[in-house]
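Chains S and Y, in that order, give the protein sequences.
Here the first sequence stands for residues 126 to 239, numbered as in the numbering used here.
Here the second sequence stands for residues 161 to 276, numbered as in the numbering used here.
Everything labelled a hint here was simulated from the structure, so no lab data went into it.
Take these hints with a grain of salt, some might be off.
Here are the in silico distance ranges between beta carbons for each label pair [as the list claims (entries may be wrong)]:
# : chain 1 : residue 1 : chain 2 : residue 2 : range
1 : S       : Arg234    : Y       : Gly244    : 19 to 27 Å
2 : Y       : Ile172    : S       : Lys183    : 25 to 33 Å
3 : S       : Ala126    : Y       : Ser239    : 47 to 55 Å
4 : Y       : Pro199    : S       : Gln196    : 30 to 38 Å
From the three backbone atoms N, C-alpha and C, an ideal C-beta is built for every residue, glycine too.
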Amino acid sequence: AQSVTQLDSQVPVFEEAPVELRCNYSSSVSVYLFWYVQYPNQGLQLLLKYLSGSTLVKGINGFEAEFNKSQTSFHLRKPSVHISDTAEYFCAVRSAFGNEKLTFGTGTRLTIIP
Amino acid sequence: AAGVIQSPRHLIKEKRETATLKCYPIPRHDTVYWYQQGPGQDPQFLISFYEKMQSDKGSIPDRFSAQQFSDYHSELNMSSLELGDSALYFCASSKPGQGFAGNTIYFGEGSWLTVV
Chain S
126 AQSVTQLDSQ
136 VPVFEEAPVE
146 LRCNYSSSVS
156 VYLFWYVQYP
166 NQGLQLLLKY
176 LSGSTLVKGI
186 NGFEAEFNKS
196 QTSFHLRKPS
206 VHISDTAEYF
216 CAVRSAFGNE
226 KLTFGTGTRL
236 TIIP
Chain Y
161 AAGVIQSPRH
171 LIKEKRETAT
181 LKCYPIPRHD
191 TVYWYQQGPG
201 QDPQFLISFY
211 EKMQSDKGSI
221 PDRFSAQQFS
231 DYHSELNMSS
241 LELGDSALYF
251 CASSKPGQGF
261 AGNTIYFGEG
271 SWLTVV
């Protein structure tokens, strides 16, 4: 089984400042990692995913994440945030074997301060 | 591009009533997942289907049942509704195809169920 820990439940950041949302995972098998974003009263949208290869992955809206196997982390970063980035961000993990479900972390609410 | 379609988007039911949620996956996607997201919580996996067969089961109450039909759409049936069933229910789909688990799981906009 896999599990995900998002260390920060809420992150307030000033507009145009950089941000890092932390995610750590636990698994006994190889995994794929994902970040989803949920805007208020909306569904889940994929930001980016790590499957294999380069540990730095780039996603939509200027976000990127780095997979660190030794630290079992997959932190999400953006160099300069905008008001429109205000949302809930979920880190998720999925076994690399078989047709497996996603397991989500508890989410981080990113609030952008004007 | 076509997305995962869920209906209804909003549903209000009374306690002990029954509700049915429908999910239409992205065309050519053969796997459907159901998740429940309570207020302020992360999505919790309920159940999944692959090629019309149940493939995995999570924290789905016995009062709930689901199935995937020949056209790959899925329905989640919830009976004897309780106040605690009030949540956002997501359907998601994917196409493992060659068994590549890294294929993205795409989510619908969700169905809001309110039990009063």
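Ser239(Y) and Ala126(S) - C-beta distance against the hinted 47 to 55 Å: The hinted range 47 to 55 Å is violated for Ala126(S) and Ser239(Y), with Cβ atoms some 29 Å apart.
Range agreement (Cβ of Lys183(S) with Cβ of Ile172(Y), hint 25 to 33 Å): 42 Å Cβ-Cβ, so the 25 to 33 Å window is violated.
Status of the given 30 to 38 Å range, CB of Gln196(S) versus CB of Pro199(Y): At roughly 32 Å between Cβ atoms, Gln196(S) and Pro199(Y) fall inside 30 to 38 Å, so the hint holds.
Beta-carbon spacing of Arg234(S) to Gly244(Y) - inside the hinted bounds 19 to 27 Å or not: 23 Å, holds
Violation of the numbered hints given earlier is confined to hints 2, 3; the remaining hints are satisfied by the structure.
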